[in-house]
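Q: Here's the letter readout for the chains.
There are 2 protein chains.
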Amino acid sequence: MLQPVEKHSGVPAYVQIIHMIKKEILMGYLTESSRLPPVRELATIFEVNINTVLKSLDKMAQEEIVQSEQGIGYFIRKTQDVNDEAMPVLRETIRRLKTYGIGLEMTKLLIEELWRTENG
Amino acid sequence: MLQPVEKHSGVPAYVQIIHMIKKEILMGYLTESSRLPPVRELATIFEVNINTVLKSLDKMAQEEIVQSEQGIGYFIRKTQDVNDEAMPVLRETIRRLKTYGIGLEMTKLLIEELWRTENG
DNA sequence: CATAGTGTTCTATTTAATTATAACACTAAT
DNA sequence: ATTAGTGTTATAATTAAATAGAACACTATG
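Protein chains in written order, with numbering that gives the first Met the number 0: chain A, 0 to 119; chain B, 0 to 119.
Do not take every clue at face value.
In this list, chains with the same sequence are indistinguishable; a pair is considered to hold if it fits within one copy or across any two.
To be verified - Computed cross-link-like contacts, DSSO-like style, restricted to lysine-lysine with a CA-CA straight-line distance of at most 30 Å:
(1) Lys97 to Lys77
(2) Lys6 to Lys97
(3) Lys58 to Lys107
(4) Lys97 to Lys58
(5) Lys21 to Lys77
Bear in mind the hints are in silico, worked out from the structure with no lab data behind them.
Could you put together the complete structure from these sequences and hints?
A: In structure tokens, the structure reads:
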């Protein structure tokens, strides 16, 4: 779901844009070879300057996630596929965490911390 | 685990500092009323200027997570407690995700997306 | 070949984040 | 009172992020 970035959120706009596009890919809404909206339209959607959009796309091009074609558009190059079993597991985990009254920020912090801590 | 911030990581230094301190609290390494290292020492640990540390602490003071005492130090004011059942659930989920070959970044993106999506 | 729609490049400006440096003020202990 | 250790405040300078605006270049189509 592409939407305006949150300004002054502590996350640079160009990073938020990268995250949103990556999420679209992960969720399967953007598939291999599919075209992104034109950069000027993306700038309108995200409510940022076109240069900020280009910065995001440049980074993703470096990661070989998207690819530009002069005069045509930006295309999805690589789709990371998520293991089929992963989604139900995550959904169930999120359901439980919400039951426990744990919020998204706390969850993200805990996961980052446990990810390092856990062996494997 | 307090350690140097990552520069040019796409996350402002002051935000990284907040995250690290919050994690310490969540993991129970910093408990209610316990004192943080002196601000100058924190600046050395995080490898940033003292002003950047102060910015982080100011934000956390506004959230009522820490509290300063002039001439003495900064203290933990509020510890968010994590439901006892949550940790094992998260550990198990992380173990599985790693088995599936899913990385931390992808996990965070999926969780952010599913958190919004799921009803509840 | 003209045009509309696209990406690309460039320069300048503004705003946010970070650093550097210094001085000041409170607290506890001597 | 003095001192060492602490937080506080202030100013200036630097760097990174974001904006603004314009011009350029490629592609497909009529």
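Q: It remains to establish, for every hint, whether it holds in the given structure.
A: Here is what the structure says about each hint:
no. : hint            : verdict
1   : Lys97 to Lys77  : between (33 Å within a copy, 21 Å between copies)
2   : Lys6 to Lys97   : within (27 Å within a copy, 33 Å between copies)
3   : Lys58 to Lys107 : both (24 Å within a copy, 19 Å between copies)
4   : Lys97 to Lys58  : between (34 Å within a copy, 26 Å between copies)
5   : Lys21 to Lys77  : within (10 Å within a copy, 35 Å between copies)
Taken one by one, the earlier hints all hold for this structure without exception.
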